[in-house]
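Trainee: Here is how the chains run, residue by residue.
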Amino acid sequence: MAATAECGADTNTSESSMSLKKALSAASPLTLRIVAECPVTKARACDLVLPHSAVSTPVFMPVGTQGTLKGITVDQLEGLGCHICLGNTYHLGMRPGPDLIEKANGLHGFMNWKRNLLTDSGGFQMVSLVELSEVTEEGVKFKSPYDGKEILLSPEKSISIQNSLGSDIMMQLDDVVSSTVTGPRVEEAMHRSIRWLDRCIAANKNPDKQNLFAIIQGGLNAELRRTCLDEMTKRDVPGFAIGGLSGGEEKDDFWRMVTLSTDHLPREKPRYLMGVGYAVDLVVCVALGCDMFDCVFPTRTARFGSALVPWGSLQVKQKQYAKDLQPIDPDCKCPTCKRHSRAYLHALFKSDTAAMHHITIHNIAYQLTLMRSVRQSIVEGRFPEFIRTFMKRMFPSRDQYPSWAVDALASVNVTLE
Amino acid sequence: MAGSRMKLELSRVVQGRSRLGVLTGLGRTGQHSLEVPGCLLYTHFGTVPHLTQDTLHTLSDLPSVTQVTLSHVAEHQEVLEEFKDGFRKFAGLHDTVLYCALHDPAAACATGYTTNKTVSVWGSGGRIELTVAKFMALQKTVQPDWYQSMADGETWQSNTSRKRVRKSVDRTLAHLDECLLEHQKSQELEGVEVFGVVEGGDILEERIRSAKETAKRPVAGFCLDGLQTGCMEQALRTQLITAVTKELPEDKPRLLQGVGRPDEVLACAEAGVDLFESFFPFQVTERGCALCFDYDVSPDPERAGRAPPAVLELEENRETPVVAQQNGDLNLDERTQMTSFEIDLKDKRYQDDFRPLVEGCGCYCCKNHQRAYLHHLLVTNELLAGVLLMIHNTAHYLGFFRALREALAGDKLDLLKRRVLREGGRQTERKD
Chain W
1 MAATAECGAD TNTSESSMSL KKALSAASPL TLRIVAECPV TKARACDLVL
51 PHSAVSTPVF MPVGTQGTLK GITVDQLEGL GCHICLGNTY HLGMRPGPDL
101 IEKANGLHGF MNWKRNLLTD SGGFQMVSLV ELSEVTEEGV KFKSPYDGKE
151 ILLSPEKSIS IQNSLGSDIM MQLDDVVSST VTGPRVEEAM HRSIRWLDRC
201 IAANKNPDKQ NLFAIIQGGL NAELRRTCLD EMTKRDVPGF AIGGLSGGEE
251 KDDFWRMVTL STDHLPREKP RYLMGVGYAV DLVVCVALGC DMFDCVFPTR
301 TARFGSALVP WGSLQVKQKQ YAKDLQPIDP DCKCPTCKRH SRAYLHALFK
351 SDTAAMHHIT IHNIAYQLTL MRSVRQSIVE GRFPEFIRTF MKRMFPSRDQ
401 YPSWAVDALA SVNVTLE
Chain U
1001 MAGSRMKLEL SRVVQGRSRL GVLTGLGRTG QHSLEVPGCL LYTHFGTVPH
1051 LTQDTLHTLS DLPSVTQVTL SHVAEHQEVL EEFKDGFRKF AGLHDTVLYC
1101 ALHDPAAACA TGYTTNKTVS VWGSGGRIEL TVAKFMALQK TVQPDWYQSM
1151 ADGETWQSNT SRKRVRKSVD RTLAHLDECL LEHQKSQELE GVEVFGVVEG
1201 GDILEERIRS AKETAKRPVA GFCLDGLQTG CMEQALRTQL ITAVTKELPE
1251 DKPRLLQGVG RPDEVLACAE AGVDLFESFF PFQVTERGCA LCFDYDVSPD
1301 PERAGRAPPA VLELEENRET PVVAQQNGDL NLDERTQMTS FEIDLKDKRY
1351 QDDFRPLVEG CGCYCCKNHQ RAYLHHLLVT NELLAGVLLM IHNTAHYLGF
1401 FRALREALAG DKLDLLKRRV LREGGRQTER KD
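Protein chains in written order, with the numbering used here: chain W, 1 to 417; chain U, 1001 to 1432.
Please keep in mind that the hints were generated in silico from the structure rather than gathered at the bench.
No experiment lies behind these values; they were computed from the predicted model shown.
Only true hints are included.
Each pair of labels, with its calculated beta carbon distance range:
no.: 1; chain 1: W; residue 1: Lys103; chain 2: U; residue 2: Asn1381; range: 21 to 29 Å
no.: 2; chain 1: W; residue 1: Glu78; chain 2: U; residue 2: Lys1348; range: 29 to 37 Å
no.: 3; chain 1: W; residue 1: Gln400; chain 2: U; residue 2: Lys1348; range: 51 to 59 Å
no.: 4; chain 1: U; residue 1: Gly1126; chain 2: W; residue 2: Ser403; range: 43 to 51 Å
no.: 5; chain 1: W; residue 1: Pro402; chain 2: U; residue 2: Asn1381; range: 30 to 38 Å
no.: 6; chain 1: W; residue 1: Gln320; chain 2: U; residue 2: Leu1181; range: 36 to 44 Å
C-beta: ideal position from N, C-alpha, C; glycine also.
Looking at chain U on its own, in the form it has when it is part of the complex:
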């Protein structure tokens, strides 16, 4: 790929699958980098949900890559075209790498609108249909540093026919070829990286075919689509990712779309995924919850055999195990339902709990506020609740990824898994 500077420098590969390293050469001048496994910074139109610059920058070590989605951007094409100087400048985002995705991983998926030549996104005013031409026109207007090519990923319903899955693979490859053709012709996109998208639903052969074919194209990395939370069991997801990554070059990054739950992240990182989208903290925030699962694997003799207070609390809070629906339809509830990694601050028990959300958490929310206050803000429907929870949940999630990298570096992945899953792993089990 002409002018591609993106490079994946791996420092460790564990058991031939999970990788630890740094993605370098990012951005127009190639000076940014992102540690992997890692996550991108999830935004709505360039804004981390609920946060302004001041509140965002109470967080340290933010990911160097900001993710925007066409579902938020597409309706503003005309304005951006007239602006001419690209989305990053329009949004006041200064020193960040901009990645442009197609769909918002936190938004519900509507179906039935994808055709051979088009995919649709939903803006505030309704459905916007994208041909490759329009898709590429948007990329030229947004001027990201890197984007995923247009893809048909409408295979997440469990009764998707084999024929439909095959079509999604074929269409996505066709879209990729068209995108690359246009990309190579466009001066505006010089130096911009393209990721190919691997589809294939839940069908192993189609997954392998998609991976093999996509790998033949001159792309800088790979998005893995159609595997999002709620559409399949983790066991199947792991199996498919493992098979897919075998067909992909080792020196190019793999970005998994639509998966953000800590247990799933761990399993997928183990299977060879490098990058994740960070929409999970936002979902937790929207349901008025705070992440407090433990990810500390530092050697602390005082802690041996004893879980920290926040975790003991999760034990108390533990919901009954999720049971899969009988007909195996996409369990949308799974995407919005509270997980065992968080506490529900609307619960009456927090009314007079004057502790921070998580003891020892250094985020702005935990340093300045207490559970009782957050409870009050949620009960009275105050906007500040979203601001404070987003800060904490993002801080906690980024801390989790840091711990994941440290665990890979120090051979402590099993310990980390036990900590995060609290040995029960109930939330990953399904009973039919």
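Looking at chain W on its own, in the form it has when it is part of the complex:
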């Protein structure tokens, strides 16, 4: 099902809310409205209208792998302004399984999340659980770590599970290879991903309710990426993801593949860069033309006491914070910073799990606020200025700017002082 796109900056709010209402009831389960485009970089600010609600992009999507966001209730997540989060097909497919979730009215019903859900296909687990998996043309054979049973995750099976989960955006099953792998395996995986995309499209039982995104592969090889882009963009899917990156590859290679991809992806469809979540990476990749991001990092690092702040991160469990009476970030408006000091949180880590929840809430707030500020600066035509201010805050001095970021930004006409 093709995505529909409406362009042009909005000046009349009642007009925009009317068109939004129309979009929500339209036949297409995805509508992308480009609200603003940065005249300097490749950044865009869009309204992504999905079945459950509208999502403002650029957007960071927190990851709730097993149908829960690590100690945060759905009310708390809503309260932070999150409109879309992730669930994982491999994990949920194992426990509790698609049949049960279907009985529970899909993943939305099961976890009681009223806004949007995006499910990954299980492809990434092929890399992360590579010891336990074997790839053939048929699909990926996994040995379950829970009961030793062997399961075959084929494109059809992945889509079937995702149909049961009822996510608003589903990802194709792709043949994922670690970005540090070179040689013929990368090309094989790229071509297979195209064939699997077609099988996924054919297998989707709910094209009118669930959006199937393609995932561009090709490793760090420009030619392979181009081939994949040329082929996959021929398919009529509502959105594209850039996959196979954000592994252990060099950042210099990483950004070049990102920008190559956005150069050849259609303007009027959303671009989802998978597995990216560090603040600097987000800002740079927005400049390179990406709209959507996900990463476990902010929520995972929170549980270790690492709080994300505009100048980097703060390890709350470290001794230096034992007597620090400031909130994590004096400018942050999240519930944690409004109420508690670093000193209290530092001490609480010794007594109760709630300490982790406080940091998780803060980190999600940080990510969502960052994206909101990025979007606002694009809408107001001052994104390059935002980037400069952001970098100055994040790094103590110019020579500490990561060179890959400097190069990537230069490639889209932003020079950092």
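Once you've looked at the hints, dock chain U against the given chain W.
Mentor: Frame of chain W, contents of chain U only:
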């Protein structure tokens, strides 16, 4: 006691023992109150386990008194001393009465470290030894509204000698006198209430002696120690509490430490206890269980003779009766073992049970989630399980106390007991 504003206003005394009323004059400005029988809000360092402010405040009618324990606080003495403004502010607790206890009722008790002059608490970094001086320094730093005096309660092992029990009574009285001396000298503690602690193990004469002597001191109320779940049969506990309360002034509150199971709460409230610690919901949460025992004694003709669904389920789930250990050692299992007041959500039967934990429960968990989801969270070891269960278990427990007060007000205590114990009362019986 100079400046003591704490007042127990009793509206009913049933059969000369169980009391119904309100504890007023609590807090620095004396504007808080707590209904009795009631429970304090159990916390770890000021945080209700698993909960942040948002999740905590999905609960209504929280107890106005928050309990912190020195076992969590002691290791942070230096930080709090530098902070100067007291624990309540440090923890971001705004409008609550702060009660400071010595030991965490949900934590295991280690023994062998108590001396004539010291007691020990265990923080995250190990054992911290407290003299009365250090204990009082902590109180001045924490700045609670009320605290229990330092006490030696190491009498819960059933083979505790008479000599040891006597020592615990003597030491505790000595500690109390020293605490009170220091308290009266300290300006920082002006307006702060002190509770004396009644010890005496399982020896009636020592219990009476401890109660008589403690009652002579100028304290605002009494903690009853050494009676915690697992260390004695309820029958003996009732007997001892009854004897103790006879020696205590009627107009001062009695706080029972370490007892939280619903059947025990009922029996002890009947025997004259006013306040309990609310650590039981936390213990239930930690074992992945949900409280669902019935405490509804409202007159509903449709219900006559028929137990509600959650209770029928408890019948199905009912464990075999607990049998006491042969040598009568502290049955630690009793403190962590699942009771007949709860369901074990890890059980496979809940995998596709789409009902709320308890039908009709208005808590956030029951309004938004189902047993099948909780089961999934527990099986996959997800943190949200603790959050949701803590919310529900706390709501259910607070509801139980509300029902207890209503039952006392309306002469329905027997009916309540029958409901809660489901006429079997198996969990209170012991066979030697």
